[in-house]
Amino acid sequence: MTKSLRIRAAMVSLVIFAAFIGTWHLATRGTGAVAQMSPEYAALMGATATQGKSAMPGPLDVGAKLWEHIRQPFYDNGPNDKGLGIQLGYSIARVMIGYLIAVAVAIPLGFLIGMSPLMNKALDPFIQVLKPISPLAWMPLALYTIKDSSLSAIFVIFICSVWPMLLNTAFGVASVRKEWINVARTLEVGNVRRAFTVILPAAAPTILTGMRISIGIAWLVIVAAEMLVGGTGIGYFVWNEWNNLSIVNVIIAILLIGVVGMLLDQILARFTRMVTFPE
Amino acid sequence: MSTFDNPFDPNRRLTAGGCSCGRHVSEAEHAADPSSSLQPAMLESEDKKFEGVVASAVMRAMFPQDASRRAFLKSVGAATALAAVSQFFPLQTATEAFASSGPLEKKDLKVGFIPITCATPIIMAAPMGFYSKYGLNVEVIKTAGWAVIRDKTINKEYDAAHMLSPMPLAITMGVGSNPIPYTMPAVENINGQAITLAMKHKDKRNPKDWKGFKFAVPFDYSMHNYLLRYYLAEHGLDPDVDVQIRAVPPPEMVANLRADNIDGYLAPDPMNQRAVYDGVGFIHILTKEIWDGHPCCAFAASKEFVTTMPNTYGALLKSIIEATAYAHKPENRKEIAAAIAPANYLNQPAIVLEQILTGTYADGLGNIVKQPNRIDFDPFPWQSFAVWIMTQMKRWGQVKGDVDYKAIAEQVYLATDTAKLMKEAGLTPPTTTSRSFSVMGKSFDGSNPEEYLASFKIKKAS
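Chains A and B supply the protein sequences, listed in that same order.
Everything in the first sequence is counted per the working numbering, starting at 1 for the first residue and increasing by one.
Everything in the second sequence is counted per the working numbering, starting at 280 for the first residue and increasing by one.
Derived from the structure by calculation, the hints contain no laboratory data.
There may be inaccurate statements among the hints.
[What the hints assert, rightly or not] Using 25 Å as the maximum straight-line C-alpha spacing, the simulated DMTMM-like pairs for lysine to aspartate or glutamate come out as follows:
id	chain 1	residue 1	chain 2	residue 2
1	A	Lys147	B	Asp387
2	B	Lys385	A	Glu188
3	B	Lys679	B	Asp519
4	B	Lys613	A	Glu40
5	B	Lys493	B	Asp539
[As the list claims (entries may be wrong)] With the Cβ distance kept under 10 Å, some of the chain A side facing chain B (calculated, not the full set):
id	residue
6	Ala43
7	Leu44
8	Asn77
9	Ile146
10	Thr197
11	Leu200
Just so you know, even glycine gets a beta-carbon here, dropped at the ideal spot from N, CA and C.
Could you build the full structure based on these sequences and the hints that come with them?
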């Protein structure tokens, strides 16, 4: 039964996909020559003006360009023109650095907040104010004070991905069952040992959920940050192709950003399953 | 023995008496004769000039005695002597080392640019080798916008940058940012902008019909903004009341024109030609019809860079000036279009850039227009340009109160430095730092800015 459900779901997905591509193709077809032009004049004009080609590329254009990028992902033609593989590599590296710093800060701090009601109450107002700030609002401030654009991008990833982890860790630690802590206390387990053997495993699923939300946010932030600071990365690629009014490449970048985001999320989902234990 | 004459000439007169070239009775008379002020070697290419200097020094070092050098040259011939010397002394390397005026304080430089044709000399100097000629390893970095370029130059990520010519003035005066002493030693391009309108307005060619239009310009402190406002005001429209003018990044202009969000823009190329290429707009007029020879973009550096790294700054500026001189020649324009079209630089179809740089272009209305000086390149930062820009800043309320036009112009537009380096690069700079010009038939010479400002009917300044 489950097997047939899976097959049926896959079939429906395929039909939706085919319908989408088909409509896209029909909607963006060229309409043939649009205006009377002398050949010399037409030679100076683009395809949109001469063949009535839609400004929106069709799925075949995107497919062909994507294949071109996939065949040559690591070319390097100077500081402003690098292969998509290199661009994604830069973005992922920046996200990883910013994110790992956020992990290193959020988890110990979250533990502290979760274990001490005093700190929880004291820090809460700050967290609530800082949490909803958009990455783009941090960017000019970071650029101005840090005075280095790639460090600024990393800082922005850090500052935007730290809050969900911090709050989830605090929540997970605070809601560890009282009985378990009491058992540990009766067995005279020390504070540090109690934190590592009782609280951490019990809070781990919640902490990892926070980390999963954070990696999603970090990946959202990187595109905006790189569009502004420029130089390298997938966000810069989008900006550069937008400059060139190349919608084909923008669509390809959007597709890849989605795929990489999904992969990052799946990796953390797997970790979450690993630390979950039956009560 | 003069530094600039041929050390391999055995018949050269020695300087026992008379002057260094031998044609005059004394050094004073030699100096007074205009024909001898520039040595033949100086008039040739710069490489030749330095080659002569180096070879001369080597010959003198090897044969300190004039008589023995003469005997040697006479017996083997100059060519053999040169070949013999080159064998054990790397003349080529020595010449290159000498060509730079002093040791470069920094070789690896980063220069920011915005991907528009105005940046042509800054960009082309990289692929065409003008930077490496002066021993510099320059990376030209594409940047997202004018504000980012300003911040990255101020925080020293960039050593120098492509800016709009009013920006160094605005930064120095502290308009729109903290005041930081800035300099603008070279203009990147003159002319090269246009007013582009959406196709639906192809019958509304008279600006008097433009009431209610929405226009875009790339930045508030830009020639684009001042020229558009000037043009509208001359046609009786108050740019602050009768139309809307917004600052929009150039790439978004074409998309907005297509989406019908704006009616037109005064923008740098390639955006004008790109709108034509994509069939969404037509070129109403080129800005050279508003002010022929107006400056647009500039090469700018902080005062700190200029003073702490004078040799690097000199080498950088020399490469830019030479690239500008190369770009000025119409016969090089096709080659330049091909060099700057790839994704690493402007990232545009080569045919679009070629139309802009050669001046033979489709206007969007079915005509092929020939305007060879649609865009031109002339590095000299006339100080009267700066004064005009400041009158317009004041006219539209960007600066208030008294402006010390002359002092700011002299401090920012480093015309004297440019003239010196142009001379070193074998070019002939102008002898004055200001000149008069006319904008839509109204002449301006920079000597009386307040009176000029008062003569406009439409303005914001009180």
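(Q) Going through the numbered hints above, which ones does this structure break? Give me the numbers in ascending order. (A) Failing hints, ascending: 2, 10 and 11.
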